[in-house]
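*Asks:* Below, each chain spelled out in residue letters.
Number of protein chains: 2
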Amino acid sequence: MKYPKGIKPRPKGPISRNRTPDGKVKYGSRGMTLEKDLDQTNAYYLETGRAVIHKKPTPVQIVNVDYPSRRKAKIDEAYFKVPSTSDYNGIYRGRYIDFEAKETRNDKRFPFINIHEHQVDHMRRCHEQGGIVFIIIKFSLYDETYLMPIGHFLPFWEAFLEGGRKSIRYTDIKDASLLLKQGINPRISYLDAVDEFYFENGE
Amino acid sequence: MKYPKGIKPRPKGPISRNRTPDGKVKYGSRGMTLEKDLDQTNAYYLETGRAVIHKKPTPVQIVNVDYPSRRKAKIDEAYFKVPSTSDYNGIYRGRYIDFEAKETRNDKRFPFINIHEHQVDHMRRCHEQGGIVFIIIKFSLYDETYLMPIGHFLPFWEAFLEGGRKSIRYTDIKDASLLLKQGINPRISYLDAVDEFYFENGE
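Quick note, the sequences are listed as chains F and S, same order. Residue numbering for the first sequence follows our numbering, starting at 235 and increasing by one per position. Residue numbering for the second sequence follows our numbering, starting at 235 and increasing by one per position.
This list has only true hints and no planted wrong ones.
Intra- or inter-copy, both count: the list cannot distinguish identical chains.
Dumping the calculated DSS-like pairs for lysine-lysine here, alpha-carbon to alpha-carbon at most 25 Å:
no., residue 1, residue 2
1, K336, K306
2, K308, K336
3, K290, K336
4, K315, K289
5, K342, K270
6, K270, K415
7, K342, K415
8, K270, K336
9, K336, K289
10, K290, K308
Since the hints were derived computationally from the structure, they do not count as laboratory data.
Let's have the full structure, built from the sequences with the hints guiding it.
*Replies:* Set out below in structure tokens:
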């Protein structure tokens, strides 16, 4: 089975292991900071009863399971599958919420190579059904994280599918997104931006 | 790592492989019929634009990944994790929908051993947030499948946690649930029951 684009094995252990001894970010660790920050944020939202939002497990095709003892099951052959939905979903203020989160080290643009077509199709469907749907995009070099509503993202994506730009410019994202406040707890308070865009604007 | 209760490795191949040559249902195949029927049903609902509902991937703790070639990644050590949410969720008629599906070969009761406490806690939270939440329970021997709204399920669960019955009687499920119509396409039209219970009753 081919190794699907954009899927990398999950690194283990704390963030400090994501850097080599000379301080460079290890290849396999790219994108982990945003994921960990969102995990912490979602745990905080869950504890405080504000929302129920979870990251979906990484989809894996299990081929063989070994039973070294009666109570143990070890998967000894499995492969990563291309995800057919976005990574995060749940419920907030009675509404269905669905999003994908991506991090890039590019300083000028967000390349579409980071997103699977299946995921965008899924998000479009959820959007059409009346869900709250967006993409969280982090520019690591600036330490800036944006929430881009799917309705603002889709025109760029359609243009790309018709042979246009293979990325969205940083400046275009800035114009069409909400900059997320970062803190200690929660680390990325993205629901404040959801309140602002989806509830106070009356969309 | 211990092999969590209720989680069995996924059997491979078509339904016919679920039986031994003398027609007995193989141990590892229990519960697969309902899962396959729901997969087909959800695919049908997706194609027809009625709802966007997916089964979540099986949660797996990936310990080691091998790269036999540049484009291949083989997971050669992983373990099943206890799920922290229910298996199915999505959006229907603008509402968040969340459910768990379980099959039993018991003819008199549905044993709670089939359900994890984390999953019930998750469903309770989604219910409190205003989601449409239920459990689909199939009695294989009768070929009957029921949709039990979480509000009807919780009293039995609470009693169990306080030392009461470790199961719900078949007759109690019959009284507190909607019997699901089975067909060819979709195989289990559970959204008709959702319409009836959550929309027409005005709950």
